[in-house]
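Visitor: The chain contents come next:
There are 2 protein chains.
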Amino acid sequence: MPQESDGGRPRRRSAASPSKSAGKGDQTKRTRRLRLIPLGGVGEVGKNCLLLEQGTDMVLIDVGVKFPEEELLGIDLIIPDLSYVAEHVEQLRAIVITHGHEDHLGALPFVLRQLNSAYPVPVYGSRLVLGMARAKLEEHRALALCDLQEIDFGTKVHLGSIRIEFFPVGHSIPDASGLIIESAFGTIVHTSDFKFGEMPQSGLDRLHAVAQHGVQLLLSDTVRIESAEPTRSEAEVAKTIHDIMAAADGRVILTTFASNLARVNSVMQAAHQLGRHVAVAGRSLDRNLGIAREEGYIKVPDDLLVSLDRAEKLPANQVVLLTTGSQGEPSSALGRMAVGEHRLLRIRQGDTIILSSSPIPGNEQTVSSTIDNLFRAGALVHYSPITPALHASGHASRREIGQMMDLIKPAYAVPMHGEYRMMVLFRQLAAEHGIPADHVLLPEIGRAIDVTQDGARLGGTVASGSVLVDGLTVGAVDHVVLRDRRALASDGIMVISAAMDRASGRLVRTPEILARGFLPAEDGQFLDEAVERIERSLRRGQPGELEYRIVGERMKESLAGFVYQRTRLRPMILPVIMEV
Amino acid sequence: MPQESDGGRPRRRSAASPSKSAGKGDQTKRTRRLRLIPLGGVGEVGKNCLLLEQGTDMVLIDVGVKFPEEELLGIDLIIPDLSYVAEHVEQLRAIVITHGHEDHLGALPFVLRQLNSAYPVPVYGSRLVLGMARAKLEEHRALALCDLQEIDFGTKVHLGSIRIEFFPVGHSIPDASGLIIESAFGTIVHTSDFKFGEMPQSGLDRLHAVAQHGVQLLLSDTVRIESAEPTRSEAEVAKTIHDIMAAADGRVILTTFASNLARVNSVMQAAHQLGRHVAVAGRSLDRNLGIAREEGYIKVPDDLLVSLDRAEKLPANQVVLLTTGSQGEPSSALGRMAVGEHRLLRIRQGDTIILSSSPIPGNEQTVSSTIDNLFRAGALVHYSPITPALHASGHASRREIGQMMDLIKPAYAVPMHGEYRMMVLFRQLAAEHGIPADHVLLPEIGRAIDVTQDGARLGGTVASGSVLVDGLTVGAVDHVVLRDRRALASDGIMVISAAMDRASGRLVRTPEILARGFLPAEDGQFLDEAVERIERSLRRGQPGELEYRIVGERMKESLAGFVYQRTRLRPMILPVIMEV
Numbered sequence: 001m002p003q004e005s006d007g008g009r010p011r012r013r014s015a016a017s018p019s020k021s022a023g024k025g026d027q028t029k030r031t032r033r034l035r036l037i038p039l040g041g042v043g044e045v046g047k048n049c050l051l052l053e054q055g056t057d058m059v060l061i062d063v064g065v066k067f068p069e070e071e072l073l074g075i076d077l078i079i080p081d082l083s084y085v086a087e088h089v090e091q092l093r094a095i096v097i098t099h100g101h102e103d104h105l106g107a108l109p110f111v112l113r114q115l116n117s118a119y120p121v122p123v124y125g126s127r128l129v130l131g132m133a134r135a136k137l138e139e140h141r142a143l144a145l146c147d148l149q150e151i152d153f154g155t156k157v158h159l160g161s162i163r164i165e166f167f168p169v170g171h172s173i174p175d176a177s178g179l180i181i182e183s184a185f186g187t188i189v190h191t192s193d194f195k196f197g198e199m200p201q202s203g204l205d206r207l208h209a210v211a212q213h214g215v216q217l218l219l220s221d222t223v224r225i226e227s228a229e230p231t232r233s234e235a236e237v238a239k240t241i242h243d244i245m246a247a248a249d250g251r252v253i254l255t256t257f258a259s260n261l262a263r264v265n266s267v268m269q270a271a272h273q274l275g276r277h278v279a280v281a282g283r284s285l286d287r288n289l290g291i292a293r294e295e296g297y298i299k300v301p302d303d304l305l306v307s308l309d310r311a312e313k314l315p316a317n318q319v320v321l322l323t324t325g326s327q328g329e330p331s332s333a334l335g336r337m338a339v340g341e342h343r344l345l346r347i348r349q350g351d352t353i354i355l356s357s358s359p360i361p362g363n364e365q366t367v368s369s370t371i372d373n374l375f376r377a378g379a380l381v382h383y384s385p386i387t388p389a390l391h392a393s394g395h396a397s398r399r400e401i402g403q404m405m406d407l408i409k410p411a412y413a414v415p416m417h418g419e420y421r422m423m424v425l426f427r428q429l430a431a432e433h434g435i436p437a438d439h440v441l442l443p444e445i446g447r448a449i450d451v452t453q454d455g456a457r458l459g460g461t462v463a464s465g466s467v468l469v470d471g472l473t474v475g476a477v478d479h480v481v482l483r484d485r486r487a488l489a490s491d492g493i494m495v496i497s498a499a500m501d502r503a504s505g506r507l508v509r510t511p512e513i514l515a516r517g518f519l520p521a522e523d524g525q526f527l528d529e530a531v532e533r534i535e536r537s538l539r540r541g542q543p544g545e546l547e548y549r550i551v552g553e554r555m556k557e558s559l560a561g562f563v564y565q566r567t568r569l570r571p572m573i574l575p576v577i578m579e580v
Numbered sequence: 001m002p003q004e005s006d007g008g009r010p011r012r013r014s015a016a017s018p019s020k021s022a023g024k025g026d027q028t029k030r031t032r033r034l035r036l037i038p039l040g041g042v043g044e045v046g047k048n049c050l051l052l053e054q055g056t057d058m059v060l061i062d063v064g065v066k067f068p069e070e071e072l073l074g075i076d077l078i079i080p081d082l083s084y085v086a087e088h089v090e091q092l093r094a095i096v097i098t099h100g101h102e103d104h105l106g107a108l109p110f111v112l113r114q115l116n117s118a119y120p121v122p123v124y125g126s127r128l129v130l131g132m133a134r135a136k137l138e139e140h141r142a143l144a145l146c147d148l149q150e151i152d153f154g155t156k157v158h159l160g161s162i163r164i165e166f167f168p169v170g171h172s173i174p175d176a177s178g179l180i181i182e183s184a185f186g187t188i189v190h191t192s193d194f195k196f197g198e199m200p201q202s203g204l205d206r207l208h209a210v211a212q213h214g215v216q217l218l219l220s221d222t223v224r225i226e227s228a229e230p231t232r233s234e235a236e237v238a239k240t241i242h243d244i245m246a247a248a249d250g251r252v253i254l255t256t257f258a259s260n261l262a263r264v265n266s267v268m269q270a271a272h273q274l275g276r277h278v279a280v281a282g283r284s285l286d287r288n289l290g291i292a293r294e295e296g297y298i299k300v301p302d303d304l305l306v307s308l309d310r311a312e313k314l315p316a317n318q319v320v321l322l323t324t325g326s327q328g329e330p331s332s333a334l335g336r337m338a339v340g341e342h343r344l345l346r347i348r349q350g351d352t353i354i355l356s357s358s359p360i361p362g363n364e365q366t367v368s369s370t371i372d373n374l375f376r377a378g379a380l381v382h383y384s385p386i387t388p389a390l391h392a393s394g395h396a397s398r399r400e401i402g403q404m405m406d407l408i409k410p411a412y413a414v415p416m417h418g419e420y421r422m423m424v425l426f427r428q429l430a431a432e433h434g435i436p437a438d439h440v441l442l443p444e445i446g447r448a449i450d451v452t453q454d455g456a457r458l459g460g461t462v463a464s465g466s467v468l469v470d471g472l473t474v475g476a477v478d479h480v481v482l483r484d485r486r487a488l489a490s491d492g493i494m495v496i497s498a499a500m501d502r503a504s505g506r507l508v509r510t511p512e513i514l515a516r517g518f519l520p521a522e523d524g525q526f527l528d529e530a531v532e533r534i535e536r537s538l539r540r541g542q543p544g545e546l547e548y549r550i551v552g553e554r555m556k557e558s559l560a561g562f563v564y565q566r567t568r569l570r571p572m573i574l575p576v577i578m579e580v
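Going line by line, the protein sequences match chains A and B.
The first sequence runs 1 to 580 under this note's numbering.
The second sequence runs 1 to 580 under this note's numbering.
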């Protein structure tokens, strides 16, 4: 039987001042439905964020980041646009985090700043989630903006009129939760990220019990629906790692996702059993391991862990290096080792390297080239698919998603955490499991799913979108900046400068051209011809008639024409004209 | 029994003027060995190019292009650096092309210009190869630089002292060849790209016969060695396509590699059998199909093919659109259709789309997002792995490479056409097939493999590398240009301009800042503060003491410092100072 606990922020203020935009009719309508509004994580992979709205109560589930695709040049992170929530921040009862991965938790400090709440926002999560949240918030000096509230599985929190219970799911990080959301319009099960094979029994039991009473809506992880094979178990991967480690004569260097604390634990246990010491290379791994140990999720004897310096002095067959760099990132510990640029560590003949991970789409080439470099440096590299069972996904395969549908037997289902094609496949799969196609709603970012007495359907939209984080700036980069970066990246830039006499409208001296990222920049003859062409184009105007702007435009056009004709390239051209 | 034919360019000139660099001792050494010098295509995938050198005879096998990775911003193509061959161009007897794919043929026009030969260079290839070469050379106005010579399988050409015989191999384009190279130091078999399952019997018979007499060295395709599964046959793919087409009620839109003429043929035959007409969308497909029909490799009734306009008027169930865009390229026909930007074609509800291809590493995201867009537009999309057997690779899997080793039983083996890790796997595989590890040579670009009476070993190096093609420029882009493009892509650029009085060394007016691809460019307050900071920094110098260069440096430093402190970004900063 779940415990009950009263949670959420003080409701006084919101009761006194209901949302300005909600008139009386609206108010009635609003109390007659529960709205689920995805603000990220649907039709995309990353920045998971779901808003629950019932009456004047809002709850945010997960505030994740997304890592930018190549075309978002220079961008560090993408976070959900929460301006809709910020407008009604007095109605926000809590932020609930399902597990400690970046795509569920990573935007927390940015979001807290965006929301600009007068009170610290209550943030609910399991112990490990809060440990990771705390570290992140401290790093961003945002800890004071929220009020961290630890939740146990089975506890039900009342967040205004919304009741949420956490249940344990199997995933690639300990302490991962799904949510049972109780509303006036029925029960909603939100799996968040899960794999079926490793669901804790207590989670399965709880879901079974909930299903007995009828579930109105299932929100399900769908990211691995394209995969027919059942998701491999962590135990199988642990055995592979153990066996490779046992067979290795020299050092073992293993890389995995820094957030995959299940894997990190498997590595620790194998090393311990085989009498090897573990040294950790890479800041994110080091931090996550520290938190997991502190919170009691990874238990190893203190002397198992050694410093990198100490590891360099131990016999090779007593060493495991656990490193970042599973995506071949050039700046990661393994990436630097691969090219001989790590300050301390060198790859040696006889090293056994294990890539216990899979490339995130878009990273295939970087990973391959790191493997090549490691082989070149003389190591034996185990990677997928050459060595099987090196990695297990944290997500349910097609079959497991079907198993979840069968367990929950929801009236309606919504695919979450997946690209559009995956959501279409989810709808096909649902039909095979007795959920008719018109009871499967394909969600869109910013578009509400209205749950009422009559069922669930797609509703209206709210302000939504992506906010780009670049350095310290949040939301300052827009499509114009990106378009310019793409142009600069492709063909470089030329700056033509000229000084013009204000009175006569004549150039005071020969224009000069500077070029960067454009090729024949060093080619004196090319530049001389370009300047000549520019001067000729200016001579077409009557003296005195030329103006600042016209001169700039004319210089730009004639240079662009000359350059394109000679090279078929279109560098950006910036005219700089000074009136003196 | 192979026919004999005398080939190659006139030798008179080269006999009269042997290479300047070859002294008498060198000369003797050179005639005592055959050198195989990879100039591309080893330790990488793309720009295949192998130089044979025996005495004063040189033969180039394949001159391919490589498509640039993301980090080579703006670059169109990469071609091998052939400066070593250009230096000895009077010794070049011929260029031999094994098949019509871009990574074997694509650099031909560039290479012919680089070589700058006094005579047209003989280019040998099968009929289809020459058809594709001719089209490419005409497009680049380079047809006169070579002398195209058609070769039949089984014919042996004498290229100086080097004899080469073409034999047919199975690949994803008709008329693909492997080469049997006869030298004074034994026979060399060069598979070029092949798959074993579809080797023509005549090719197998010829290899069997050659193997009977002993093969000194095997050069083998190795690009698919990471795959354990046997390579699927084209016939199986043809059946899948036929079945999907037969079941479709509406239009069928199929995309594949424009160079995969085997697949194009399968599509034509299926459409013909099912009473559908085919319209082709995309220039490269259209051109390749034209050549293949002209040369007699694809035989279809004339009325099978219709224009796009005509296809738009036919009943949907009588139409197949064959389009470019198998890699999700936004500018391709399918890419434009997916986002509703094709000038003529729109995706309609009820369209069945087939991606008969696999993403080239690096293109996964673009392909996925195209699939998403096609689903969004209401089409049913068949793609791998959701629909199996949609594509067959043209390359041998691990097992097939082993079969080739068993057939040829070479004394030595060299992996070609693969990344470094694949070459290491090739060495492991060779050991399983009776070729000892020290008889497997891992080739490097620019490093000779010396074949002598005593066997084969790695030898000396020659000038080699990559030449970047950007627009019309060949080789003008260097690492400085690329470094600048990366910097511009990441954080944009700021230009500070100032005018300085020549006599007093004082600024004539307030400096101005222009920014592109840098974010708070529109932020007036930010720019005002930046200018203030710059002016303050200049005031530190004594009036009159400041010089052109110092002013520039100081402006740059103070702006960079200000920008980094505020944003943690490092835009490129270009000071433009005019002395007036």
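In case anyone wonders, no lab produced these hints; they're calculated from the structure.
Treat the hints with caution; some may be incorrect.
[Said to hold, decoys possible] Computed, partial: chain B to chain A, Cβ under 10 angstroms:
{"id": "1", "residue": "424"}
{"id": "2", "residue": "503"}
{"id": "3", "residue": "505"}
[Stated by the list, open to error] Covered by chain A, according to a simulated footprint, are these stretches of chain B (three or more residues, beta-carbon under 8 angstroms):
{"id": "4", "stretch": "303-314"}
{"id": "5", "stretch": "357-366"}
{"id": "6", "stretch": "488-502"}
{"id": "7", "stretch": "509-519"}
{"id": "8", "stretch": "559-571"}
Ideal placement from N, C-alpha and C gives every residue a C-beta, glycine not left out.
Visitor: Take the stretch 303-314 of chain B, compare each residue's beta carbon with every beta carbon of chain A, and decide whether three or more fall closer than 8 angstroms.
Guide: violated (count 0)
Visitor: Given residue 503(B) as an interface hint, is the shortest Cβ-Cβ distance to chain A below 10 angstroms?
Guide: violated, 14 angstroms
Visitor: Holds or violated: the stretch 559-571 of chain B covered by chain A, criterion of 3 or more residues with Cβ-Cβ distance under 8 angstroms?
Guide: holds (count 4)
Visitor: Examine the stretch 488-502 of chain B: at least three residues should have C-beta closer than 8 angstroms to a C-beta of chain A.
Guide: Holds, because 9 residues of the stretch 488-502 of chain B bring their Cβ atoms closer than 8 angstroms to Cβ atoms of chain A.
Visitor: Mind taking a look at whether chain A covers the stretch 357-366 of chain B? Criterion is 3 or more residues with CB to CB distance under 8 angstroms.
Guide: holds (count 4)
Visitor: Counting residues of the stretch 509-519 of chain B that have a beta-carbon nearer than 8 angstroms to any beta-carbon of chain A, does the count reach 3?
Guide: As far as the stretch 509-519 of chain B goes, the hint holds, because 7 residues have Cβ atoms under 8 angstroms from chain A.
Visitor: Given residue 424(B) as an interface hint, is the shortest Cβ-Cβ distance to chain A below 10 angstroms?
Guide: holds, 5 angstroms
Visitor: Hey, does the residue 505(B) contact hint survive, CB to chain A under 10 angstroms?
Guide: violated, 15 angstroms
Violated hints, listed in ascending order, are 2, 3, 4; each of the other numbered hints is respected by the structure.
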